Amino acid sequence: KMHIEQADLFEGMDRLFIQGFMALTAMERYTKGDFIFHRGDKADFFYTLIEGCVKISIGDDEMEVYTIDHLGEAFGLSSILERNYYFASASCLEPTQLLKIEGNSLNQFLQDHPKNSGTFYKRIANRLAQRLVECYKFV
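Sequential numbering from 38 applies to the sequence shown in this note's numbering.
Hint data in this document are derived by calculation from the structure and do not stem from the laboratory.
Some clues are possibly wrong.
[To be verified] Restricting the straight-line Cα-Cα distance to at most 27 Å, the calculated cross-link-like pairs of lysine-lysine (DSS-like) are:
#, residue 1, residue 2
1, LYS69, LYS79
2, LYS92, LYS159
3, LYS159, LYS79
4, LYS92, LYS69
5, LYS137, LYS159
6, LYS137, LYS92
7, LYS92, LYS79
8, LYS69, LYS137
9, LYS137, LYS79
10, LYS137, LYS152
Everything numeric in this text was worked out from a predicted model, so none of it was measured.
Using the sequences and the accompanying hints, generate a full structural model.
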């Protein structure tokens with residue numbers, strides 16, 4: 038089983054940064070069908086996938102727009118991008134383990150670690166770009 042340090046999100050970052058990030062997290066487990074958050078919920082938390090599969094969906098019919106299925110893949114980005122509410126819903130397609138971090142704590146941590154935070158935000162931007170490309174398939 039891979040370790041979170043090997044996830045793309047943390048590739049090339051120093052060990053102390055990764056350890057500090059991990060110290061902010063809480064492990065959560067969900068079962069198939071559980072919602073992690075709904076569109077319109079207050080965006081308080083940032084999530085990183087450890088194991089499982091999460092559907093990101095929009096609209097009243099919960100149309101799937103993206104699937105989170107890689108170790109270290111992040112979602113709940115609204116919590117660190119100064120958005121007050123989640124713009125999509127997240128639900129589990131199978132039993133899932135996540136790391137959950139309070140968004141304000143993560144933002145403060147990133148401000149305190151400028152050497153790695155630039156790389157972290159670049160990785161997040163890259164993930165968003167990849168998801169945007171995936172969403173174009175639905176247009």
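Outcome of the hint check:
no. : hint             : verdict
1   : LYS69 to LYS79   : holds (23 Å)
2   : LYS92 to LYS159  : holds (23 Å)
3   : LYS159 to LYS79  : holds (25 Å)
4   : LYS92 to LYS69   : holds (11 Å)
5   : LYS137 to LYS159 : holds (20 Å)
6   : LYS137 to LYS92  : holds (16 Å)
7   : LYS92 to LYS79   : holds (19 Å)
8   : LYS69 to LYS137  : holds (18 Å)
9   : LYS137 to LYS79  : holds (15 Å)
10  : LYS137 to LYS152 : holds (23 Å)
Consistency with the previously given hints is maintained throughout, with no hint failing.
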